[in-house]
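Undergrad: Below are the chains, spelled out letter by letter.
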Amino acid sequence: MKYGRAVATASKRVEHDDHHEYVDTTPEELAPLYRQMLAIRRMEEASAKAYSQGKIGGFLHLIIGQEAVCVGATAALKPEDYVVATYREHGHAYAKGVGARPIMAELYGKKTGCVKGLGGSMHIFDKATNFLGGYGIVGGHVPIAAGAAFASKYRGDKRVALCFFGEGASTIGGFAEGLALAALWKIPVVLICENNQYSMGTPVYRSLAVEDVSLRAIGHGMARDRFDGDDVVKVKRRIAEAVDRARTTNEPTLVEVVTYRFRGHSMSDPGLYRTKEEVEEWKQRDPLGRCRQRLLDIGFPQADLDAMEADVKAEIEDAVKFAEDSPPADDYKSYVIKE
Amino acid sequence: MAVISYREALNQAMREEMERDENVFIMGEEVGHYNGAYKVTQGLLQRFSERRVIDAPIAEMGFAGIGIGAAMVGLRPIIEFMTFNFSLVAIDQIVNNAAKIYQMSGGQYHIPIVFRGPGGPAVQVGSQHSQSLESYYAHVPGLKVVMPSTAADAKGLLKSAIRDDNPVVFIEGETLYNTTWEVPDVAPGSPSELIPIGKADVKRTGKDITLIAWSKMVWTCLDASKVLAEQGIECEVVDPRTLRPLDVETLATSVKKTGRCVIVEVGWPVAGFGAEVAYQMQKHCMDVLDAPIERVTSDDVPMPYAKNLELEVQPQVADVVAAVKRALYME
Amino acid sequence: MEEGVLVRWTKKEGDKVSPGDLVAEVETDKANMDFNIEDEGVLLKLLVKEGDTVKLGAPVAIIGNAGEDTTALEAQAKGGGAAPAPKADAPKAESKPADAAPKVAAKQEAPPADKPAAKAAAAKPTAGDAPPSSGKLLASPLAKSLAIELGIDLRTIKGSGPGGRIVERDVKAAADGKTETGDEAARTPSPPARSRQPEAEAEAETGTALAVRPVDALEAGDWVDLPASNMRRRIAARLTEAKRDVPHFYLQRSLDAAPMMAFRARLNDLLGDRGKVSVNDLVIKAVALALRRMPECNAAWEGEAIRQFHRVHIGVAVAIPDGLVTPVVRDADQKGIGAIAAEVRDLAERAKSKKLKSHEITGSTFTVSNLGMFNIERFTAIINPPEAGILAIGGVMDVPVVKDGQVVAGKRMTVSMSCDHRVIDGALGAKWLQVFADLVEKPESLAL
Chain A
0 MKYGRAVATA SKRVEHDDHH EYVDTTPEEL APLYRQMLAI RRMEEASAKA
50 YSQGKIGGFL HLIIGQEAVC VGATAALKPE DYVVATYREH GHAYAKGVGA
100 RPIMAELYGK KTGCVKGLGG SMHIFDKATN FLGGYGIVGG HVPIAAGAAF
150 ASKYRGDKRV ALCFFGEGAS TIGGFAEGLA LAALWKIPVV LICENNQYSM
200 GTPVYRSLAV EDVSLRAIGH GMARDRFDGD DVVKVKRRIA EAVDRARTTN
250 EPTLVEVVTY RFRGHSMSDP GLYRTKEEVE EWKQRDPLGR CRQRLLDIGF
300 PQADLDAMEA DVKAEIEDAV KFAEDSPPAD DYKSYVIKE
Chain B
0 MAVISYREAL NQAMREEMER DENVFIMGEE VGHYNGAYKV TQGLLQRFSE
50 RRVIDAPIAE MGFAGIGIGA AMVGLRPIIE FMTFNFSLVA IDQIVNNAAK
100 IYQMSGGQYH IPIVFRGPGG PAVQVGSQHS QSLESYYAHV PGLKVVMPST
150 AADAKGLLKS AIRDDNPVVF IEGETLYNTT WEVPDVAPGS PSELIPIGKA
200 DVKRTGKDIT LIAWSKMVWT CLDASKVLAE QGIECEVVDP RTLRPLDVET
250 LATSVKKTGR CVIVEVGWPV AGFGAEVAYQ MQKHCMDVLD APIERVTSDD
300 VPMPYAKNLE LEVQPQVADV VAAVKRALYM E
Chain C
0 MEEGVLVRWT KKEGDKVSPG DLVAEVETDK ANMDFNIEDE GVLLKLLVKE
50 GDTVKLGAPV AIIGNAGEDT TALEAQAKGG GAAPAPKADA PKAESKPADA
100 APKVAAKQEA PPADKPAAKA AAAKPTAGDA PPSSGKLLAS PLAKSLAIEL
150 GIDLRTIKGS GPGGRIVERD VKAAADGKTE TGDEAARTPS PPARSRQPEA
200 EAEAETGTAL AVRPVDALEA GDWVDLPASN MRRRIAARLT EAKRDVPHFY
250 LQRSLDAAPM MAFRARLNDL LGDRGKVSVN DLVIKAVALA LRRMPECNAA
300 WEGEAIRQFH RVHIGVAVAI PDGLVTPVVR DADQKGIGAI AAEVRDLAER
350 AKSKKLKSHE ITGSTFTVSN LGMFNIERFT AIINPPEAGI LAIGGVMDVP
400 VVKDGQVVAG KRMTVSMSCD HRVIDGALGA KWLQVFADLV EKPESLAL
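If you read the sequences in order, they're chains A, B and C. Residue numbering for the first sequence follows numbering that gives the first Met the number 0, beginning at 0 and increasing consecutively. Residue numbering for the second sequence follows numbering that gives the first Met the number 0, beginning at 0 and increasing consecutively. Residue numbering for the third sequence follows numbering that gives the first Met the number 0, beginning at 0 and increasing consecutively.
Please keep in mind that the hints were generated in silico from the structure rather than gathered at the bench. Just so you know, even glycine gets a beta-carbon here, dropped at the ideal spot from N, CA and C.
Computed, partial: chain B to chain A, Cβ under 10 Å:
id: 1; residue: Arg50
id: 2; residue: Ala55
id: 3; residue: Glu59
id: 4; residue: Gly68
id: 5; residue: Ala69
id: 6; residue: Asn95
id: 7; residue: Ser104
id: 8; residue: Asp164
Cut-off 16 Å, straight-line C-alpha distance, at most; resulting in silico cross-link-like pairs (EDC-like, lysine to aspartate or glutamate):
id: 9; chain 1: C; residue 1: Lys275; chain 2: C; residue 2: Glu348
id: 10; chain 1: A; residue 1: Lys185; chain 2: B; residue 2: Asp54
id: 11; chain 1: A; residue 1: Lys185; chain 2: B; residue 2: Glu49
Pulled from the structure, derived: some chain B residues nowhere near chain C, Cβ distances all over 10 Å:
id: 12; residue: Tyr33
id: 13; residue: Lys38
id: 14; residue: Gln41
id: 15; residue: Asp91
id: 16; residue: Ala270
id: 17; residue: Asp298
id: 18; residue: Val312
Produce the complete structure using the sequences and hints provided.
TA: Shown next as structure tokens:
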């Protein structure tokens, strides 16, 4: 496998693996993962529509195309484990258990949003599901994830923290320092680089001297992994290895998952830095479509799939209606200083 | 009343709070085996072990962030910056994360963390190590900024800071560590062991003019007050102790009494915190002011190394005396 | 109260004094009061002459042991530089009472002029020489508010601050009348600098103490400014407020005064040496009875309600040399004419010698003002708030009247009622005047 346990490469492009080897799974395992991926896809599409209608403002960064990474990785966690993510985090929050209603209401800037209209798309937090937030300034959130994991080790409560970031964040100091300290202090954190090949509009080969981000672990004596993110089950399995390592030995892992975003960096990005052909090529291998096919292939009934998809559609429609009908945000003063 | 040093007061505060609360830990460069670059954490490693007194490598952004993450999930970190000059490489963590998470999370996560260490000019350490950065932090909603001037304030305020549920930027006077002050003998656990954050303190009473200063400049103002008292001028020295939140009421009460105000800070003049204090004082005391509010600051230059130049740059007793006389129309 | 006039010393230098002794009488803006001493010793030096205005807290006398040297304290009291802190057994500079409850105030407090700021001013009066740059009157906010409080006209003060800014010490010095600047400017009517800069005047037309008045356009020497007494200032403030805030309207009516004059003559015959009843006394009684019969006019506007008084206290305007006071005849409706006459005479006499106590000049529910003795036919008066009315009494005039179709000699008195329209409407006032007229025209009813 081309991406597994990678070595340094000087190639200018990350080539995609055409030889898919599905990881063994069962309909019982895969169906809920597919459902999450589909719900995230539909939620992102609904938010894009609302954005184009002017109902959602600011920046809106969609994860369409990358759903397998957050869904597979989060599936390897226990509920008490922590997740820290970037501004592209609607999917991660949903996968961790945050409802579509509070997410959508937050995008709409409503009082019923998960952070009461104070955060918006980039700052979803949910204490109930241990979702420690979406961070708009990347890099600095890597030490924060390490900090949550540090607390776990300090207290001995065996919780693990997952930290998601793009390959674009791998050049900033916060990532470097978080990586260094996690390795030095043996902090039970799994650092997941979602390498979607573009740091905003800059392709990997123009932003990294060595395109394999996972290699950074070597200098710190840290465990590492690297694989493509097309198969949600594979993501789950490989992240589970790292999570298990963290839980049992406190050892952190740097994992790089190669993926691709189908949309622009944000809604305002027309994506002129890449060809239509390239995007189409990746869409052919859409992890969501592949997951659906795989589900049918391993015997999940079509009727059940239809019912599930209808259910997802209803869930997202309900979330949009909830957001539309919710009262506007009305309090910006209460959460500055805790009295 | 025991007379102890500012350094010892800080050490006692941390020791007592770490005894009291298992969730309190200290992390920073040289805080453990080295016993602190300024010996403020002396003996803490021995008492609390490496689990709670954690030597960090040179990675302020990293360990400040680890503190924030730990605080999110319930610990109470004390993050020591060897000096506040180094906090600038962690300012993303302090401003973008510590100060914001309570708001960004809609009140779900609060950050009970203390960022502490020495600030302000030291002695002949050059421009990168001699800065007063309090106005950087005082500018940011979501932070509290504390700058004690005496050992008693240092102890009572640091304990309050550690117990506060918000990020507190606690800037110690780098040249104050050896100063001594009477610190009340209060048993840990007694309510009087805490000095509330956000409460100013009148360090000297006087009827003619109000001097507002914090940290090291309180001492300069007290010295200037002695000189002026010999000339029949009675200064009132008010130490806000906390810059954010600022105890405007106590400050304004004094200015209303005297009708004149001089603000003394060791920071730079442009957008220095004294400018905000001056705004607040003119706003609340307009009708009783007899003279423009004076500010005494360091010169608007990076700190030079040579001792004579370094002294010239910083506010001295003579500068304060001159400002007082200007405000009294005496020169 | 900020200052008062020391009217009379009742002890002289060399007298022994003990706690509780009356040493002086002081006139304030309200009333006269006694200044009792609270120390034991000998009155060594009187620092204030009778008739001088003294600021609250300023020293007025030195008390000590017989034969002690008072030079240093005298110098200190005059503000002549830093005197050494007086020793406990040294003679004490005695200051005047603080407020209505006389007490000895601030015995050893350094006088205001001894403040460092003022000292500096005496030493270096440099900045003040610079002319105001903009033509605006420059004063610190504190100086402005202090000037209003102390009733000082800022235009009479020379500022000692930068650019001629008037600062606190200048106002205080002017109030103390101690510095050459304040003194000179206040008493010598030199025109304000602004009057020579007419183009600046429009700009200066802001702020109470700074307002430009036409008189400013006159040349030097065209006028004299007579310092207003406390009483004058108080009258000015109160009447301005009353005329501005109370919606006045006026009702006038002529009465047949002949029966009252005859009645008065009979009463005075009966009284003989025991006293004398004036027209005014009869009017007071008539007003009081009319108010008793129509309590709607014995009332005050309280914003949310009309307060009707159960008792009738008549204020009687009395002219005194530098102003006027209105002592009060309490329960005038209950008192006999003779009693009213005696009381009014006593109050008027004491008013003229400023010996009224403050309770004797407060609490009236309606006021009578009479200028009949000056042969004024009719006039209108300004209501004394919170009262709802005042009755202005003109003189009793011999006039031709038509009686039974014939012109005959008659006696007429014209009264003008000023009404607070918030309390008294026209018809109500007219009705009350009818009741009053009936009483005056049938004066025997006043004795019932």
